[in-house]
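Chains as they are written, first to last, in this note's numbering: chain A, -13 to 414; chain B, 477 to 685.
If you're looking for bench data, these hints aren't it; they were derived computationally from the structure.
Bear in mind that the values here come from a model prediction, so they are computed numbers and not experimental data.
Check before you lean on any hint, since a few could be wrong.
[Stated by the list, open to error] Computed cross-link-like contacts, DSS-like style, restricted to lysine-lysine with a CA-CA straight-line distance of at most 27 Å:
1. K499(B) - K592(B)
2. K603(B) - K232(A)
3. K346(A) - K554(B)
4. K407(A) - K549(B)
5. K383(A) - K671(B)
6. K543(B) - K479(B)
7. K233(A) - K646(B)
8. K319(A) - K225(A)
9. K655(B) - K591(B)
10. K225(A) - K675(B)
11. K518(B) - K478(B)
12. K478(B) - K225(A)
13. K179(A) - K675(B)
14. K(-7)(A) - K238(A)
15. K233(A) - K479(B)
16. K225(A) - K591(B)
17. K(-9)(A) - K376(A)
18. K675(B) - K113(A)
19. K479(B) - K319(A)
20. K232(A) - K479(B)
21. K179(A) - K377(A)
22. K643(B) - K554(B)
23. K499(B) - K549(B)
24. K603(B) - K671(B)
25. K190(A) - K238(A)
26. K543(B) - K346(A)
27. K319(A) - K233(A)
28. K591(B) - K543(B)
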Amino acid sequence: MKLRKIKNSEYVIYIAFALLISFLTYIYVFSEMKNYYTDYSAHSRAYLSLFFSRDTLAEGFMAVPYCLWHLIALFMYKVIGAPIEASAAYSAIFFTLLSYLIILFILNRVSENSDVSSSSDVFSALKNAFISAGLCIAQPLYFYWIGSGDRYSGVFSPNPLHNPTNMCVRPFSILAFCLICDIWGAQENSSYKGVFFKVENGLKRYYVLLSVTLFISTLAKPTFDEVFIPAVGIVMLVKLIARLVKKSDDRKEYAKNFLYTFLCAVPSLVFIAVMFFVYYTLDGNYYDTGSSVVITQLGEVWSLYSDNIALSVFLGMAFPLYMLLIDTRYFIKNDFGRLALITYVIGFAEAMLIGETGRKMMDADYIWPMMSGMLLMYLASLTRLVHLEKKIGENRKLQIAVIIGWILFLAHVFCGILFLKAKIGMWG
Amino acid sequence: MKKIIPYIVLAVVMLGILLFPVKTAAEYVRIEFPGNENGILKGETCSLYYATAAPDAFNNDQRVDCKVDNDRKYIEFKLDGELNNNIKGLRLDFPGEEQVFAIAGINVKSAGFVKKRFNPCSFFEDKYILKTNDIPETTSLRDGDIVFISTEGEDPYIVFTDEAVAKLTKSFDHFIFTKLVICAFIAGCFFSYVKDPFKLRNMKQGEEE
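One chain only, chain A, in its complex shape (with noise of 0.2 Å):
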């Protein structure tokens, strides 16, 4: 893997979308805090003043042990002395920036690693940065006349903007995405080159990088991990019972990477069943204490939110599934496509087959993986709408197809920029 030196003029595109996203960001979350009842509101007044003194810091921890937006957002307004909007609304910036950040390392990467050079770089720069700040947005179709519902409820978007928890693990989710899959690559084939790290080097560093990441996505909300981690798991199992089966030369190597893989999630998996621990059996969540984990009846919790579970995912998923169905074969056979559709059928089961009991099951707390899922379909997606735009050549009906693709996307952050636009004047 080789790195372009990056020109002034990219610099300045990439500069201008990130502080467009950081605006949007800030009028956002000071709009969001202007309500009592927003997640933002709930996050920064409820849970965060619990971080406030000692006396009260383990009981912060156990309602929300997924502290790392509140920790920085402490440190804003602790230590910067910022007000508790702006603390909420610098840490909101913080995450979205560097998501922002990593889609475009992995579109400048993809772009690159396509081979074909066919427009300036000035432009590639615009539109990997538009692309990056769009993914930071998007949101799922919404046509007010059908009767679906709202912009967010029963559809469920793979940018829950108004929850900063959610928001908080976005970035570390698609840099663990990207992670494994090169790791991946280098497992099965010594002279792979990284197409996002230099995994030719050697892959210990990235295992305890993929470890660290996975640990702070965890910190961040566990939301990612309950998908992405047996997602991983299936995957590897798969590969390792079919050459077992084959009894390849290369199996008893393969059992040791699905060993390495494995250990990198152990840190992640015990802070999950410490969380689990204390939010339920301890009845860490003061908000309703005696709730537990039940399995539901087939989508019990989404039909709470929705008439039609199918017309939600297909208004929340028009961009990916579209791709899948004009690529099914890029979502079955490679890693990339693969891993993001398995994470995203987990988190789909766990949407329609898990819930709480009491007054917690309205809060449909195991729709959430489904989001990171969701996010995943979309990163995917998209490296693959890239891709594909560069080597179609002169054939018009694939033409036609990326063109298609491409409107998808854009209707999805028109229907983003519609959704803060909605949100910024409700409150505003």
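Based on the hints, put chain B in the right spot on chain A.
For chain B alone, kept in the frame of chain A given last:
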């Protein structure tokens, strides 16, 4: 033979989806108010009574309420899927206030789709109204497709005729279209996999098998 197996599996999956038992979706009757001062409705609650035994056998056990929220500009009543083919009469109750308000539209939705939209001027014609109480007047403003309804007394309501009831209650969704779309999508993915239109054009992240 080996080549046919995937097609058989596809057919079985599609058949399974089509035959998968799902409950009839609930139906929502929405009455919309214009976005101006005429759309203000005084009072707290509107109700929709549904009769299942006889067209005019209304009782409090068979009633859905909707709180008046003038910011929303509509009231909406949910009729559970079990009521499909069982509703014989409908009675729409307005708040017990002396007022004149406007209705700009009526629509019926089920399973996330708006199934029918009715022009209020047509819907509140005499032929669709069986009986009114404490409603001295309904006036249609044809040009604007708006109906003005004046209410007085404590119990203003409209009882609809069989024809109107049939119009409002024949839209319960059975998810047939949804199932067909799911089947079409799965079939599309299957054939996309077989045809491989992009020939899995060598993307380097991860090994292709």
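Status of the hints after comparison with the structure:
Between the alpha carbons of K499(B) and K592(B) the distance comes to roughly 21 Å, so the proposed pair stays at or under 27 Å and holds. Between the alpha carbons of K603(B) and K232(A) the distance comes to roughly 76 Å, so the proposed pair goes past 27 Å and is violated. The suggested pairing of K346(A) with K554(B) holds, with an alpha-carbon distance near 24 Å, which does not exceed 27 Å. For the given pair, K407(A) sits about 20 Å from K549(B) by alpha-carbon distance, which is consistent with the 27 Å threshold.
Restraint check for K383(A) and K671(B): the C-alpha separation of about 14 Å stays at or below 27 Å, so the hint holds. For the hint linking K543(B) to K479(B), the alpha-carbon distance of about 59 Å lies beyond 27 Å, and the restraint is violated. Restraint check for K233(A) and K646(B): the C-alpha separation of about 61 Å exceeds 27 Å, so the hint is violated. Using a Cα cut-off of 27 Å, the hinted pair K319(A) and K225(A) holds, with the two alpha carbons roughly 12 Å apart.
For the hint pairing K655(B) with K591(B), the CA-to-CA distance comes to about 17 Å; that is within 27 Å, so the pair holds. Proximity of K225(A) to K675(B) is assessed by CA-CA distance (about 23 Å); at most 27 Å being required, the pair is judged to hold. Distance hint between K518(B) and K478(B) is unfulfilled; the C-alpha atoms sit about 70 Å from each other, more than 27 Å. A threshold of 27 Å between alpha carbons decides the hint, and for K478(B) with K225(A) the separation of about 23 Å falls inside it, so the pair holds.
Restraint check: the Cα-Cα separation between K179(A) and K675(B) comes to about 22 Å, which is no more than 27 Å; the hinted pair holds. Between K(-7)(A) and K238(A) the alpha-carbon distance is near 46 Å, which puts this suggested pair outside the 27 Å criterion. Straight-line distance between C-alpha atoms of K233(A) and K479(B) comes to about 26 Å, which keeps the hinted pair within the 27 Å bound. With a C-alpha separation of about 48 Å, the suggested pairing of K225(A) with K591(B) is violated against the 27 Å cut-off.
Pair hint K(-9)(A) plus K376(A) holds up; C-alpha atoms about 21 Å apart against a cutoff of 27 Å. A C-alpha spacing of about 25 Å is found between K675(B) and K113(A), which places the hinted pair at or below 27 Å, so the restraint holds. A threshold of 27 Å between alpha carbons decides the hint, and for K479(B) with K319(A) the separation of about 19 Å falls inside it, so the pair holds. Only pairs whose Cα atoms come within 27 Å are accepted, and K232(A) paired with K479(B) is accepted, the gap being roughly 22 Å.
Restraint check: the Cα-Cα separation between K179(A) and K377(A) comes to about 20 Å, which is no more than 27 Å; the hinted pair holds. The hinted pair formed by K643(B) and K554(B) meets the criterion: a straight-line CA distance of about 16 Å does not exceed 27 Å. A C-alpha spacing of about 30 Å is found between K499(B) and K549(B), which places the hinted pair above 27 Å, so the restraint is violated. A C-alpha spacing of about 58 Å is found between K603(B) and K671(B), which places the hinted pair above 27 Å, so the restraint is violated.
Between K190(A) and K238(A) the alpha-carbon distance is near 18 Å, which keeps this suggested pair within the 27 Å criterion. The hinted pair formed by K543(B) and K346(A) meets the criterion: a straight-line CA distance of about 24 Å does not exceed 27 Å. The suggested pairing of K319(A) with K233(A) holds, with an alpha-carbon distance near 21 Å, which does not exceed 27 Å. This hinted pair checks out: K591(B) and K543(B) have alpha carbons roughly 23 Å apart, not beyond 27 Å.
Violated hints for the displayed structure, listed by number in ascending order: 2, 6, 7, 11, 14, 16, 23, 24.
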